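Here the protein sequences line up with chains A and B, keeping their order. Just so we're aligned: the first sequence equals residues 3 to 186 in my numbering. Just so we're aligned: the second sequence equals residues 2 to 198 in my numbering.
Bear in mind the hints are in silico, worked out from the structure with no lab data behind them. Computed from a predicted model, the values in this text were never measured in an experiment.
In silico DSSO-like pairs for lysine-lysine, Cα to Cα no more than 27 Å straight-line:
#1 A/K95 with A/K69
#2 A/K96 with A/K69
#3 A/K146 with B/K178
#4 A/K177 with A/K100
#5 B/K81 with A/K146
#6 B/K115 with B/K81
#7 A/K85 with A/K177
#8 A/K146 with B/K120
#9 A/K100 with A/K69
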Amino acid sequence: MHRQRPRKLTRYALGILAGLLLWPGLLPADDSLGHQFTALQAAQMAADFSLQDMDGEVHALEDYRGKVVLVNFWATWCPPCRKEMPALEALYKKLGDKDFVVLAINQWEDPDHVFAYTGELNVFPTFPILFDPDSAVSQLYHVKGLPTSFLVDPQGRLVYRAVGGRAFDHPAVEKLIRELQVRP
Amino acid sequence: MSYALKPDRPARTSLLAGVVAGLLAANVQADVTRQVNPDTGLVAWHSSGDTLDFELLQVLPDYVRAVFASRGLPAAVIDKVSSYCVFGTILKNTTDDPLGYRVADWSYQTPDGKRHTIKTKTDWVNEWQDMGLAFRWSMLPDEQTFEVDDWGQGFTTIPLQPGDRFALSYSWTRNGKVETRTIEEVECAPAEAPQID
Numbered sequence: 003m004h005r006q007r008p009r010k011l012t013r014y015a016l017g018i019l020a021g022l023l024l025w026p027g028l029l030p031a032d033d034s035l036g037h038q039f040t041a042l043q044a045a046q047m048a049a050d051f052s053l054q055d056m057d058g059e060v061h062a063l064e065d066y067r068g069k070v071v072l073v074n075f076w077a078t079w080c081p082p083c084r085k086e087m088p089a090l091e092a093l094y095k096k097l098g099d100k101d102f103v104v105l106a107i108n109q110w111e112d113p114d115h116v117f118a119y120t121g122e123l124n125v126f127p128t129f130p131i132l133f134d135p136d137s138a139v140s141q142l143y144h145v146k147g148l149p150t151s152f153l154v155d156p157q158g159r160l161v162y163r164a165v166g167g168r169a170f171d172h173p174a175v176e177k178l179i180r181e182l183q184v185r186p
Numbered sequence: 002m003s004y005a006l007k008p009d010r011p012a013r014t015s016l017l018a019g020v021v022a023g024l025l026a027a028n029v030q031a032d033v034t035r036q037v038n039p040d041t042g043l044v045a046w047h048s049s050g051d052t053l054d055f056e057l058l059q060v061l062p063d064y065v066r067a068v069f070a071s072r073g074l075p076a077a078v079i080d081k082v083s084s085y086c087v088f089g090t091i092l093k094n095t096t097d098d099p100l101g102y103r104v105a106d107w108s109y110q111t112p113d114g115k116r117h118t119i120k121t122k123t124d125w126v127n128e129w130q131d132m133g134l135a136f137r138w139s140m141l142p143d144e145q146t147f148e149v150d151d152w153g154q155g156f157t158t159i160p161l162q163p164g165d166r167f168a169l170s171y172s173w174t175r176n177g178k179v180e181t182r183t184i185e186e187v188e189c190a191p192a193e194a195p196q197i198d
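Just chain A, with the same shape it has in the complex (with noise of 0.2 Å):
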């Protein structure tokens, strides 16, 4: 048992090597990911939900009303995930003070592992990481693969969505958002 747990392990290990190697070089390259969000037609009132942070505290949709919130639904297993994050964070730093904040809504995994996955960004994420154990809120959302986006208005209205990585710090998201902010 002693010796095969070591082999377990390094075999674990040199799977997720290769799988690193392989999948970071065969996404689309920066440059290539949208920044585009889809209007949604009808917009309607965002599902609300009530979920902790990494420390235990609660934060509910509802709290937010008043600000535009982008919505993001994540893993630390999606390549995509990884990628977006230091533009969601550039997006965060900029706007967070100005009615505006991101709630990075974690799915299936625990608070342990993805603490440690955030100390090996290059980006360390400070807007709220949330936690859906059992995928949930996700459903709620219709969200059906990783990463998924969404925007809610100050009102509380669900009025955009992206599919896939997303180039966040584009001046177009930041426009998007500024209008957000205005619009009755």
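Since the structure of chain A is provided, determine the placement of chain B on it from the hints.
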């Protein structure tokens, strides 16, 4: 010989028309490139030039095990998924129109000429639910509509052995029109990481 020209003319015309049609078709068809990753020795196929950009990446069984093990999933799930021939699949809408796909419409053909349907994410999720698991990630979503700039990725699973070959046919819909492509000679990842010189 001149008498033969008249009867031949329609044939020549249709031959010419066929060649032109073929050239036009070739122009709108995708380019499929096969690329070996120099770091891993694993193969990827990339079909570009279409309204749907499509990439298929060999994935080692050990990598699949690692992905599912690190989610804390039970050994039965890990063993079953990693027994499949697994590919990373990346799809991207390259147009300004919505595109839709359904994995249930795709198929693969084995060298014996038989055509098979592809196990969908829903098939997997139902199996996991029967085991009391709410896990529903990693696999390519069954169906999606991609709007402008949308794209997606996930595992596609084929019940074949390491190194087995097959032809993958996939399709998508744009403006109500179905487009279909086939990537020939797709090869399952080897059982273990290839030796890199």
